[in-house]
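Just need the whole structure built from these sequences, with the hints factored in.
Note that the protein sequences, when read in sequence, are chains A and U. For the first sequence, our numbering begins at 535 and goes up steadily by one. For the second sequence, our numbering begins at 535 and goes up steadily by one.
Warning: the hint list may mix true and false statements.
Where chain A lies over chain U, by a calculated footprint (3+ residues, C-beta under 8 Å) [stated by the list, open to error]: (1) 686-696; (2) 705-713.
To give an idea of the interface, some chain A residues facing chain U are shown, with a C-beta separation under 7 Å as derived from the structure [stated by the list, open to error]: (3) Val581; (4) Leu699; (5) Ile700; (6) Ser714; (7) Ile715; (8) Cys721; (9) Arg723.
None of these hints come from the bench; they were simulated from the model. Ideal Cβ positions, reconstructed from N, Cα and C, are used throughout, including at glycine.
2 protein chains.
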Amino acid sequence: MRETILFILSAPSGAGKTTILKKVMAVLPGLVFSVSHTTRPSRPGEVAGRDYHFVSREGFQAIREGTPPGFLEWAEVHGNLYGTGRAEVERQLQAGQDVILDIDVQGALQVQKAAAPVLIFIAPPSLTELESRLRRRGTESEDTIRLRLENARKELKFTDRYDYLIINDRLEEAIDSLRSIIVAERCRRRRSPDGLPVAGIC
Amino acid sequence: MRETILFILSAPSGAGKTTILKKVMAVLPGLVFSVSHTTRPSRPGEVAGRDYHFVSREGFQAIREGTPPGFLEWAEVHGNLYGTGRAEVERQLQAGQDVILDIDVQGALQVQKAAAPVLIFIAPPSLTELESRLRRRGTESEDTIRLRLENARKELKFTDRYDYLIINDRLEEAIDSLRSIIVAERCRRRRSPDGLPVAGIC
Chain A
535 MRETILFILS
545 APSGAGKTTI
555 LKKVMAVLPG
565 LVFSVSHTTR
575 PSRPGEVAGR
585 DYHFVSREGF
595 QAIREGTPPG
605 FLEWAEVHGN
615 LYGTGRAEVE
625 RQLQAGQDVI
635 LDIDVQGALQ
645 VQKAAAPVLI
655 FIAPPSLTEL
665 ESRLRRRGTE
675 SEDTIRLRLE
685 NARKELKFTD
695 RYDYLIINDR
705 LEEAIDSLRS
715 IIVAERCRRR
725 RSPDGLPVAG
735 IC
Chain U
535 MRETILFILS
545 APSGAGKTTI
555 LKKVMAVLPG
565 LVFSVSHTTR
575 PSRPGEVAGR
585 DYHFVSREGF
595 QAIREGTPPG
605 FLEWAEVHGN
615 LYGTGRAEVE
625 RQLQAGQDVI
635 LDIDVQGALQ
645 VQKAAAPVLI
655 FIAPPSLTEL
665 ESRLRRRGTE
675 SEDTIRLRLE
685 NARKELKFTD
695 RYDYLIINDR
705 LEEAIDSLRS
715 IIVAERCRRR
725 RSPDGLPVAG
735 IC
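Spelled out as structure tokens, the structure:
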């Protein structure tokens, strides 16, 4: 039995991450999404427990200050708290599933210190194209769009810390790339910290 | 422009390597096969310059002793000489193509010392299954089959030196795995010897 893998997917808002991830999960067995906790209000269409665990600021702090700390990583983004529950991820990996986390750059680098995740970044072809996509979406205010673009600019500077970079220029190719990365990592002869190979067979 | 990649594919005789590689090359653009030199006689159906460059033992030695040495790697297998021409591989990589070599374990480890190839091993589900496949093929003598099985046993010990291991249990899945590894490596943020990331975008 090969070891299970923790994937982290990051992307600026509007890069197409959610669409790509949904398509890949629909065709790839053995991959589960770990649902994050957040203090931000739910958006229309979002389902609690599926898209996020929606919690109050107080509830979030209680998990965070648990023994051991209840989050693998947490961060404040756009004024809201987001966190990845440690227990849920560990339970999924031990159950023989690969786990994928949808978290931002700060969070990804925190998890990298604690575990050995595979980091995947999805980038838009350009910031200009990202801006058009955010405007076409038509759900956000001018201020929010400007904040998201500023954050994208900052996040793109961290792509060299990632293992893989997918440019979402043509959607079908980006979907194929993400799916291929997951299949390939399952075939990878992974190295344990002491340099010995561990199971990685497909 | 991302840097081009040198892939090496190894497998024991009868593991299905040739079938898998042909199927993948038929669907994946930008990947070329580098044709090896060999002193072994051609088999029915093999085409000179497509399957191998068939050369005499003297011709082989002349290339090998060139300045610089004309082979990236060479080895004696089953009593015949096999070698990978350096100039052909370098020309293909510089022309913007990813190159795939079909060479044995000894050769793969030689190339690994000189370049930074991605090593992929295709293994049969078991030695028993490999034996049945070789017998079903019906083209080889009992002695040859025994020699191939003994070599397979030796080669399988080296799979931990490979980056990826594909078990060819179900052919369609093995084809998908090889294709995925190549697509994923194209998205990989590769590390140069000094630890700096180099282009790897898909």
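Hints versus structure:
| no. | hint | result |
| --- | --- | --- |
| 1 | 686-696 | holds (count 3) |
| 2 | 705-713 | holds (count 4) |
| 3 | Val581 | violated, 31 Å |
| 4 | Leu699 | holds, 6 Å |
| 5 | Ile700 | holds, 6 Å |
| 6 | Ser714 | holds, 4 Å |
| 7 | Ile715 | holds, 4 Å |
| 8 | Cys721 | holds, 5 Å |
| 9 | Arg723 | holds, 6 Å |
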